[in-house]
Amino acid sequence: MGAMTEIRTPRLLLRRWHDDDLAPMADINADPRVMRWIDDGSVRDLDHTAEAIERWEEEWDEEGFGLFAVELLASGELAGFTGLSVPEFLPEVLPAVAISWRLGSPFWGQGYASEAAHATLEFALQDRGLDRIISINRVGDDASENVIRKLGMVPERETAHPVYAYPLRVHTIDLTEFQA
Numbered sequence: 001m002g003a004m005t006e007i008r009t010p011r012l013l014l015r016r017w018h019d020d021d022l023a024p025m026a027d028i029n030a031d032p033r034v035m036r037w038i039d040d041g042s043v044r045d046l047d048h049t050a051e052a053i054e055r056w057e058e059e060w061d062e063e064g065f066g067l068f069a070v071e072l073l074a075s076g077e078l079a080g081f082t083g084l085s086v087p088e089f090l091p092e093v094l095p096a097v098a099i100s101w102r103l104g105s106p107f108w109g110q111g112y113a114s115e116a117a118h119a120t121l122e123f124a125l126q127d128r129g130l131d132r133i134i135s136i137n138r139v140g141d142d143a144s145e146n147v148i149r150k151l152g153m154v155p156e157r158e159t160a161h162p163v164y165a166y167p168l169r170v171h172t173i174d175l176t177e178f179q180a
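Here the sequence shown stands for residues 1 to 180, where the numbers follow UniProt numbering.
Because the hints were derived from the structure by calculation, they are not lab data. A couple of the hints might just be wrong.
[Claimed, not checked] Within a straight-line C-alpha distance of at most 16 Å, the following computed EDC-like cross-link-like pairs (lysine to aspartate or glutamate) qualify:
#	residue 1	residue 2
1	LYS150	ASP127
2	LYS150	GLU177
3	LYS150	GLU122
4	LYS150	GLU115
With the sequences and hints as input, model every part of the structure.
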């Protein structure tokens with residue numbers, strides 16, 4: 001469970017966070033289009049983004065997995081993140097590990113989210129030995145739902161966000177269903 005975990009895909013590098021990732025990730029978090037489906041839809045500032053990256057790195061140290069920075073191999077640009085986390089905000093699904101992603105809007109519609117998420121799912125099930133992964137999305141977020149379907153995940157239940165009360169859909173896949 002080394003600290004230097006990296007995954008290369010044909011177009012992406014999934015890696016741990018660097019100091020120079022803060023500004024581009026803060027720009028992604030400051031885009032209302034990106035944040036529309038997340039929590040209450042509020043954008044996040046530089047300080048909030050710094051705190052979030054610090055939490056993500058702590059989860060790597062504590063759990064042996066976390067959120068990867070997603071870098072484009074061709075340009076070195078930070079596109080956003082994908083990775084694994086424990087969805088503590090939704091106690092009814094625990095114990096569980098969830099896959100999620102957030103890419104900047106210039107990187108939408110090019111298959112990057114699916115490419116990164118598939119590599120992360122393979123990492124979870126084969127490298128980290130997890131036998132089941134979930135994904136939680138806000139009902140109506142069709143772009144995320146499309147990525148979830150491409151991963152082979154199936155709907156497990158619908159529920160409501162415990163704070164914001166909007167409908168959520170929980171999808172799942174287990175090791176026996178995964179197609180590498």
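A quick look at each hint next to the structure:
For the suggested pair LYS150 and ASP127, the alpha carbons sit about 20 Å apart, so the restraint of at most 16 Å is broken. For the suggested pair LYS150 and GLU177, the alpha carbons sit about 13 Å apart, so the restraint of at most 16 Å is met. A threshold of 16 Å between alpha carbons decides the hint, and for LYS150 with GLU122 the separation of about 13 Å falls inside it, so the pair holds. For the hint pairing LYS150 with GLU115, the CA-to-CA distance comes to about 10 Å; that is within 16 Å, so the pair holds.
Of the hints listed earlier, the one the structure fails to meet is number 1.
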